[in-house]
Structure formats: C-alpha cells, structure tokens
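Chemist: First to last, the protein sequences are chains P and L.
Numbered according to the working numbering, the first sequence spans residues 9 to 338.
Numbered according to the working numbering, the second sequence spans residues 9 to 338.
No lab work stands behind these hints, which were simulated from the structure alone.
Watch out, some of these pointers could steer you wrong.
If several chains are the same, the list does not tell them apart, and a pair holds so long as it fits within one copy or across any two.
[Stated by the list, open to error] Capping the alpha-carbon separation at 25 Å, the derived lysine to any residue pairs in SDA-like fashion look like this:
| no. | residue 1 | residue 2 |
| --- | --- | --- |
| 1 | Lys193 | Glu76 |
| 2 | Lys193 | Arg73 |
| 3 | Lys199 | Trp263 |
| 4 | Lys50 | Asn337 |
| 5 | Lys98 | Lys156 |
| 6 | Lys219 | Val136 |
| 7 | Lys10 | Ile213 |
| 8 | Lys98 | Glu76 |
| 9 | Lys156 | Asp129 |
| 10 | Lys34 | Ile203 |
| 11 | Lys156 | Ile63 |
| 12 | Lys156 | Gly188 |
Just so you know, these numbers come straight off a predicted model, no measurement behind them.
Next come the chains, spelled out residue by residue.
There are 2 protein chains.
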Amino acid sequence: MKIVVDAMGGDRAPAVPVAGAVLAAKEIGCDIILVGCEKTIKGVLDKCGGPFGKIEIVNASETIRMDEQAAISVRKKRDSSIVRAVEILKNKEADALVSAGNTGAVVCAATLSLRLLPGVDRPGIAVVFPTLTKPCLVIDVGANIDPKPLHLLQYGIMGDACSRHVLNKERPTVALLNIGEESTKGTDFVKEAHILLSESKLNFIGNIEPKEVYEGGADVVVCDGFIGNVFLKVTEGFADAASELLKRELKASNWMTKFGAILTLPTFKSIKKRVDATEYGGAPLMGVDGRVIIAHGSANDVAIKNAIKVSAEYVNHHVNAHIIEELENY
Amino acid sequence: MKIVVDAMGGDRAPAVPVAGAVLAAKEIGCDIILVGCEKTIKGVLDKCGGPFGKIEIVNASETIRMDEQAAISVRKKRDSSIVRAVEILKNKEADALVSAGNTGAVVCAATLSLRLLPGVDRPGIAVVFPTLTKPCLVIDVGANIDPKPLHLLQYGIMGDACSRHVLNKERPTVALLNIGEESTKGTDFVKEAHILLSESKLNFIGNIEPKEVYEGGADVVVCDGFIGNVFLKVTEGFADAASELLKRELKASNWMTKFGAILTLPTFKSIKKRVDATEYGGAPLMGVDGRVIIAHGSANDVAIKNAIKVSAEYVNHHVNAHIIEELENY
C-alpha cells in the first residue's frame with residue numbers, strides 16, 4: 009500500500025509530516041510519497057535516518073499557507089504540495105492521501121480534481137468521537153460550512169455506510185445535532201433536514217443534544233460543518249483547559265494532594281488518551297472519489313502516523329465502494 | 009428588593025424553584041413572589057418551613073411545558089406562570105424575574121410584553137464562562153437562533169456595557185466566535201458581522217476560536233444563538249462525561265490509585281465548581297426592558313438560588329441603564 013503525504017501541511021511542516029511518515033513506514037510498513045520542497049524534506053528525512061527504501065519524495069515548489077483562501081490558492085498554486093498530492097492520488101500512483109494543511113484547500117482541490125461520488129453533492133469530514141459507551145461518527149466537522157438540508161441526508165447515508173462497514177455496527181442509529189430534542193426545535197435549516205432524515209431509510213432517531221453525543225446516544229451524528237467544527241474545537245479546547253486547570257490546582261495544593269496526584273497519574277493518562285486528537289489522528293473526507301484523510305494543523309508526528317493508519321484502514325475496508333452501494337439504494 | 013420566580017419552570021418544578029426561592033430568601037434576604045399553582049406551591053413551601061413572611065404566592069392556572077412551541081404557547085396560555093410572572097415584572101410589582109422554564113417562551117413573553125430597549129432589535133442570553141484567566145461573557149447562547157449580523161453588533165455593545173459595569177473591565181475586548189482566526193474564515197453571516205464589529209467603536213479584536221475562549225482570549229464573545237447554545241451544551245456535556253470517565257477509571261483501578269483519588273478529591277471538587285452551571289446559576293436576557301434571568305431547565309435549588317443572586321446583582325448594577333447609555337452613543 010502506498011500513501012501520499014502532504015509534507016508542507018500543518019503548523020510545523022515539513023518536520024512533523026516527515027517524522028510522522030517515517031514512523032508510519034516503520035510501524036505500519038506502508039510505502040510513502042512525500043510531496044513538497046525536495047531539498048528541505050531530504051534534510052529532515054536524513055536526520056530521521058530512513059527507512060529510505062520505503063519513502064520517495066516528489067518535488068512541489070509552492071506551499072498553500074494555513075490562512076490563504078482555499079479556492080483562489082488552489083487555482084493559482086498549481087505546483088503546491090496539496091494540488092500535486094491530489095494529482096498523484098488521482099493518477100492512482102497512491103492509494104490514499106494524508107494532509108495536515110489548509111483544510112479548505114484540501115477539500116477544494118480534492119473536490120475539483122477527484123470529483124464527487126455519484127449521489128453526493130458536497131463532501132463532509134467525518135470524525136470519530138470517543139464517548140462514554142462507544143465511538144460516535146460525527147459528520148461534517150468543517151468541509152461544508154453553509155450546507156443545504158439535502159447534504160445532511162447524504163452525510164447520514166455516508167456515515168451509516170462507514171459505521172456499518174468500518175465500526176461494525178449492524179444497524180447504526182443516526183441523529184441530527186440540535187439544541188433541543190423536540191422536532192420543533194432549531195433553525196428552519198435543521199427542521200428541513202429533520203424531515204428529510206425522517207423520511208429516509210436510515211435508522212434515524214431524531215435530534216440529539218451535545219450532552220447526549222458524549223453519552224453515546226447515537227452511532228452517527230450529522231450536522232452543518234460550522235456547528236460540527238465548533239463542536240470539535242470546543243471539545244479539544246475544554247479538554248486542554250481542564251488539564252491545565254488540574255495542573256495548576258495540583259501545584260497550589262499541599263504535599264498530600266501531590267502524593268495523591270502521583271498515584272492517580274495513570275488514570276489521567278488513560279482519560280487524556282481517550283479524548284486526545286493525537287490518538288485518532290485523521291478524519292476522512294467522505295464523498296470524494298478517492299481516499300483523502302485530513303489531519304489537524306497542530307498534529308504532532310504520532311498524530312500524522314495515526315492519520316496514515318486511518319488512511320490504510322479506509323483503503324482496506326473499501327469504504328467508498330460501500331458508500332456508492334448505499335447511495336444507489338436511495 | 010423583590011424577585012418574581014416562575015415556580016412552574018424547570019424539569020423538577022415546582023419543588024426545585026420553591027426550594028431555591030426559600031434558600032434565596034434566607035441567604036440573600038430578598039422578597040420573593042412565587043407564580044404558579046397556588047395549592048401545590050403552598051404544599052412545598054410548608055414542607056420547606058418558610059420564611060413565610062418574605063415569600064408570597066400568585067396563582068397561575070396554566071403551565072407552559074418545556075417542549076411547547078414558544079410563540080403559540082405564550083399567545084394561548086395567558087394564565088401560565090411565565091406570562092403572569094412577566095406581567096408582574098412589567099407592572100413594577102417586582103424588580104427582576106427568574107425562570108428555569110421553556111427558554112423560548114420566556115424570551116417570547118418578555119420581548120412581547122416588556123418590549124426591547126431602544127436600539128436593540130433582538131434580545132440575547134449572556135452567560136459568564138469560567139476560563140483559565142478571567143470570566144468571559146458569551147452572548148447569545150440561545151435567545152435568537154437565526155440572527156442578522158447587526159444583532160451581533162448589538163450583542164457586542166450590550167456585552168461591553170455589562171463587562172464594564174458588572175465585571176469591572178475598563179476597556180473590554182470583544183471577539184467574534186468563529187472556526188478560524190482569519191477574517192476570511194467562516195460563513196457570509198460571520199464575515200458580515202466581522203465587518204460591522206470592525207467598524208464599531210468597540211475594542212474588537214477579531215475572530216476567536218473556541219479553544220482561545222477557554223484560555224481567556226477575550227472579555228466578551230458574540231455569536232449566533234444556535235452556535236452559542238451548542239458551545240454551552242458541549243462544555244456542560246463534556247464536563248459531565250469527563251467526571252463520569254474519571255469515576256469509572258478509578259473504580260477499575262487498583263487500591264493505590266484509589267488511595268490517590270481520595271487525596272486528590274478536594275482538587276477535583278474545586279475544578280468541578282469552576283465549570284459547574286449550578287455555581288453561576290442564571291443568565292440574563294439582555295436587551296429587554298426589564299430584568300429577566302434565565303436558569304437551566306435542569307437547575308437544582310442551589311442553582312435557582314444563584315440565579316436569584318444574579319438577578320439581584322443585575323438590579324444593583326443598573327445594567328439596563330448602562331446599556332441604554334452605550335446604545336445612545338452608537
């Protein structure tokens with residue numbers, strides 16, 4: 009299996025994507041194509057000490073910055089690492105793509121070049137959230153921030169396929185993220201999406217509030233990309249703030265509490281692991297005709313390695329074939 | 009000072025609102041009017057054992073349920089506890105109102121009956137979030153789920169006035185909740201609001217991401233009510249889920265960890281207190297010509313007491329007079 013990695017994507021590129029690719033080549037054993045400034049990448053790779061046989065470099069002279077406007081930058085920077093990586097995937101020179109770069113640009117380049125699966129009008133980013141009981145697939149967390157109600161139905165169908173075939177749920181429950189449980193709650197947009205989902209063949213269980221998502225109230229949760237992104241970032245931000253608060257409180261406390269903290273440390277580590285974005289690493293961009301995995305801009309090398317692992321699973325489970333099959337039935 | 013309390017509002021009414029009112033009468037020393045089914049309220053009050061001299065009951069024969077549509081229920085149920093409580097406030101028989109009932113119905117009844125302050129087109133619910141460094145006022149968290157960009161500017165002005173005069177900030181920083189820091193990020197709605205806020209006299213510092221809100225990146229954060237409500241509920245939901253996870257991990261762990269947990273318990277309690285909705289209790293409905301404090305539907309008696317405390321502060325700080333003053337300057 010060969011994965012193409014955008015070596016210039018993310019806050020600390022190319023150091024982090026290259027280090028993550030090296031970890032993946034060693035641990036997962038896949039082949040890697042690193043796309044970006046050849047000279048710089050080579051320097052980082054040499055420092056990492058290989059495995060050189062499993063990693064090749066494809067030069068790209070431009071980089072799309074995190075703050076650039078997606079559509080314009082993709083159109084203008086044809087030799088950017090994102091555009092070139094997508095081309096490599098399109099030409100079937102790789103099985104999947106991983107990027108921690110400008111999310112909007114990755115979505116735009118993938119949509120324009122790879123095209124969408126039949127029956128999909130907009131792609132959506134799907135994230136697996138850890139909950140109290142079982143993993144929950146939330147789609148969309150930021151690909152499409154101004155969707156139509158119909159797009160949410162399509163997210164439901166794609167999420168259902170993914171939950172069924174990757175997470176092995178027999179008949180996944182699908183819910184609509186809303187600020188109240190009643191079908192009369194929310195904006196007109198949400199109410200229309202509620203009607204479409206209710207009329208579908210999905211195992212739709214109605215609206216779900218954020219609290220219930222954490223309790224494991226549904227297997228698949230659909231929402232507009234703006235809300236989904238806020239959901240994701242509030243979770244991450246709160247997790248960070250809570251750890252920071254805990255550290256401070258412990259610093260301020262007496263030796264007895266400190267002693268206690270040392271004893272409970274393994275428990276915290278185990279909790280942090282569950283909510284840590286580093287652990288799940290990458291989120292698939294569902295609906296495009298190709299396997300594109302988006303990693304967090306602040307990802308470290310372990311997160312990049314895990315994103316590459318997710319991309320390999322996406323290949324092995326034939327997710328896109330299952331989505332096409334499901335969509336044909338609608 | 010006299011506070012009117014909707015005794016039929018909330019998941020466990022009238023027991024909880026009555027018990028909260030009793031606590032407030034004892035601790036804060038204010039007079040209370042309880043509105044709702046007189047007979048039932050009297051029964052609960054008798055069990056609480058007073059103070060009977062400070063609490064009067066006004067009968068209301070109807071109750072608006074949590075799942076009823078706001079506008080319709082307010083128009084039809086003229087003798088509901090919410091509508092009657094708002095009337096009492098309007099007639100200046102009380103200084104402020106507290107309700108844990110159907111939020112939409114409270115917003116609707118207050119807007120229709122009390123009217124809005126000059127220069128305000130829509131009211132907004134303001135919540136004080138605890139952050140790592142200082143309290144942050146987030147407005148709106150659910151009064152207006154489909155706002156215009158102009159409403160967000162008005163929230164900024166009201167939030168600025170409140171932060172200045174209640175939280176004693178000299179020149180509060182105002183930020184716009186968004187999924188990226190750059191002004192090019194977000195929906196057209198958010199971009200338009202960004203322009204209006206940039207052109208205002210406010211100390212506007214641009215977009216803010218959820219993570220930065222927790223870090224104390226701004227004194228006032230404005231957002232549409234749907235997003236704000238998701239923000240609030242994700243925070244609450246995650247806090248609950250994290251405590252639950254912690255409890256489970258500790259149960260599963262060995263005696264050394266358990267011993268450690270007992271020693272660190274005071275630290276957890278201190279953190280929980282900071283993020284606990286019970287502690288801040290009530291959120292003012294800003295922009296209506298009257299002091300209306302909205303409590304959580306799941307509020308317990310301590311939360312209701314704290315909401316009554318917030319309402320007393322709202323009266324003492326002359327927040328509405330300051331808002332009117334600020335709005336006149338725009």
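Chemist: All hints are to be evaluated individually against the structure, with a verdict given for each.
Modeler: Structure-based check of each hint:
1. Lys193 <-> Glu76: Answer is between; shortest inter-copy Cα gap is 10 Å, intra-copy 36 Å.
2. Lys193 <-> Arg73: between (39 Å within a copy, 14 Å between copies)
3. Lys199 <-> Trp263: neither (55 Å within a copy, 51 Å between copies)
4. Lys50 <-> Asn337: neither (48 Å within a copy, 60 Å between copies)
5. Lys98 <-> Lys156: Classified as neither; 28 Å inside a copy, 42 Å across copies.
6. Lys219 <-> Val136: Cα proximity of Lys219 and Val136: in one copy and across copies (16 Å, 19 Å).
7. Lys10 <-> Ile213: neither (39 Å within a copy, 45 Å between copies)
8. Lys98 <-> Glu76: Cα proximity of Lys98 and Glu76: one copy only (24 Å, versus 52 Å across).
9. Lys156 <-> Asp129: within (10 Å within a copy, 27 Å between copies)
10. Lys34 <-> Ile203: neither (49 Å within a copy, 49 Å between copies)
11. Lys156 <-> Ile63: Result: close neither inside a copy nor across copies, 41 Å intra and 51 Å inter.
12. Lys156 <-> Gly188: both (20 Å within a copy, 22 Å between copies)
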